[in-house]
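Participant: If you want the building blocks of each chain, they are given just below.
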Amino acid sequence: MGIYVLIHDAWHTGKELEPTASSIRYAGHQVHTPTIAGNRPGDAKTAGLDDAIKSIVHYLAENNLRDVILLGHGYGGMIITGVADRVPARVRRLVYWNAFVPDNGQSLDDMAAYVRLFGSVLAQRGDGSIMLPFPIWRETFINDVDLETAQKAYDALNPHPEKTLVDKISIMTNPKDMQLGKSYINCTEDAGLPDRHPWHPRMSQKLGVFRLVQTPGSHELCISNPKRLALAITDAGRD
Amino acid sequence: MGIYVLIHDAWHTGKELEPTASSIRYAGHQVHTPTIAGNRPGDAKTAGLDDAIKSIVHYLAENNLRDVILLGHGYGGMIITGVADRVPARVRRLVYWNAFVPDNGQSLDDMAAYVRLFGSVLAQRGDGSIMLPFPIWRETFINDVDLETAQKAYDALNPHPEKTLVDKISIMTNPKDMQLGKSYINCTEDAGLPDRHPWHPRMSQKLGVFRLVQTPGSHELCISNPKRLALAITDAGRD
Amino acid sequence: MGIYVLIHDAWHTGKELEPTASSIRYAGHQVHTPTIAGNRPGDAKTAGLDDAIKSIVHYLAENNLRDVILLGHGYGGMIITGVADRVPARVRRLVYWNAFVPDNGQSLDDMAAYVRLFGSVLAQRGDGSIMLPFPIWRETFINDVDLETAQKAYDALNPHPEKTLVDKISIMTNPKDMQLGKSYINCTEDAGLPDRHPWHPRMSQKLGVFRLVQTPGSHELCISNPKRLALAITDAGRD
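Heads up: the protein sequence lines correspond to chains A, B and C, in order.
Numbering-wise, the first sequence is residues 1 to 239 according to my numbering.
Numbering-wise, the second sequence is residues 1001 to 1239 according to my numbering.
Numbering-wise, the third sequence is residues 2001 to 2239 according to my numbering.
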């Protein structure tokens, strides 16, 4: 069976992916849900994208993981792209789940324009981190649950290091040219990428030959329906 | 529980929304389905967009409705936009269901080009009203039912006052800047907006921050599956 | 009940549509699954688009079929367009299933750019035929089944005559102006048309007034879920 490593989104930790991981394990796979540097309890919020990528490269080495199905959610797409570029031998397939797909030299903000669009409402916390206000998050990221679930999920978020969103990635090989399996999971009710620019095909087409999996749900399907997400992940991750 | 006011599409009356309203009431909400001026039995077909909007403003006042979840279907999007602009204090959230989202100065026809596209086939009735021929309506608006259901639904339609479709709306605040909740329900098989311009994201993006709800079905989901529509409406309308 | 004639995709024969045909027959319809010239066992691989179209025109005449609901899958869209142009009196409705919709003078390759995109990986077999390598086919055409099913389906394919993909179609009437029913079935996980150009609405909008039917599934829904495909076909084919 497969070895899945699930990389969370900005403002999250690996903990929010545990219900999904549990469903994938139930199908017989091994699943890891590490937390990226900058989002771990106690981490300095001055972490940059390179620190973030390094922390997952380190996790794979420390646990001696090879032949990994490496999934990234949202911002996690930046991380798995960087990891696959640095240690390709450890990765069997990349799975982008409503995730950013950067080419060399691009930052997340180059693709999302969050700072431009949400700039005035992003709460700057003075330690290098930013938070999305609850009303925006509830409407655009977790639009498929009731208010109580949304509020509870929001309370579990942690302030995100802004530098990781504006740092430009440095990779040798763009995703299109990476010689490994690539999949894109698109939650069809995810309106978290602003304006006319949906995740699929805007991001997915940057993968070259890739496998598409779509499923109903918001950007936070890990909270609204982790079992359905687990099924999409194993459909995306199998050979 | 919520107070829902459902505003019908062109060629319709509130009656066609009754099965949907009934399902929403069953979940404990209060639901109103008024008919817009120009579509009520006996109305002059010379009504314009301002008459149409005023009739719903009047309905809200007459029934002393506040904190309303105001839904508009198709042409109904013109109406709810105008109502929210005039009596914002009465509205809690706007829900556009495969509906037009106008900015100040736009007419429905500016966005749909129906007159240009369907002009030669639109039946002019000599009293200011127009009808879509059955074959176009069956193929593009109610593509998810059998022929008998489509024919029966068509027979219930009423000629629509053309002026309401070409009048330009006059509002103080564009939807993007309105300070209230906004949702967009997109029926994924609705091909009623011609050519390359789907309802979502073409119309939805004009809302600024909004909540997306998608569901399978045609433009006439109120006829093909009112229970599924009711569920989408309550998902879109809740806080 | 209806008379359905199902025209297969490139690399296929009518045999792969039999499970789907069987479900449609079970609902009381008559169903034919002829194989296009160039894909029949023993056919020369030098066949061109005109030979391919003629073979289906001949099939309809030989079986004295009239009032036909004529479905085309992928490349089959080229064939049914040509057939409807030559013998319109035999056709009641055209159903395009993730299919190419050509205007006069267009080739399949003009719309798909397969030769440009996949050119270097298309296996030339020296007899006029080409094959897609398994990894590309598995990822982009049959992304919704397990590896064993994908491999077995691939083994049933036959080398496709390249000339049929690059020949430009010659028709008197473009699909938009054809006076007969037109439907488009879109499998939402079909990523077989490269880059930013999805089948719907890119191809469907070329039909003018048409009926849209969407269903989850890959380009090869005839293999991954023939019952669901049969349901989509009868929804698309009914009056």
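Since the hints were derived computationally from the structure, they do not count as laboratory data.
Ideal Cβ positions, reconstructed from N, Cα and C, are used throughout, including at glycine.
Check each hint, because a few of them may be wrong.
[Claimed, not checked] Heads up, incomplete: computed chain B residues facing chain C, CB under 7 angstroms, no partners named: (1) 1136; (2) 1139; (3) 1143; (4) 1147; (5) 1151; (6) 1153; (7) 1189.
Participant: Against chain C, run the beta carbon of residue 1153 of chain B and see if the smallest gap drops under 7 angstroms.
Facilitator: At 15 angstroms from the nearest chain C Cβ, residue 1153 of chain B fails the 7 angstroms test, so the hint is violated.
Participant: With chain C as the partner, please determine if residue 1189 of chain B meets the hint condition of a C-beta pair closer than 7 angstroms.
Facilitator: OK, holds: residue 1189 of chain B within 7 angstroms of chain C, min 5 angstroms.
Participant: Classify the hint on residue 1151 of chain B as holds or violated, based on whether any CB of chain C lies nearer than 7 angstroms to its CB.
Facilitator: violated, 10 angstroms
Participant: Could you check if residue 1139 of chain B really has its C-beta closer than 7 angstroms to a C-beta on chain C?
Facilitator: holds, 5 angstroms
Participant: Per the CB criterion, is residue 1143 of chain B less than 7 angstroms away from chain C?
Facilitator: Holds, about 4 angstroms.
Participant: Do the numbers back the hint for residue 1136 of chain B, that is, is its least Cβ distance to chain C under 7 angstroms?
Facilitator: Hint holds; residue 1136 of chain B Cβ to chain C Cβ min 6 angstroms, cut 7 angstroms.
Participant: Holds or violated: the hint that residue 1147 of chain B contacts chain C, with Cβ atoms closer than 7 angstroms.
Facilitator: holds, 5 angstroms
Comparing the model with each earlier hint shows violations of hints 5 and 6; every other hint is respected.
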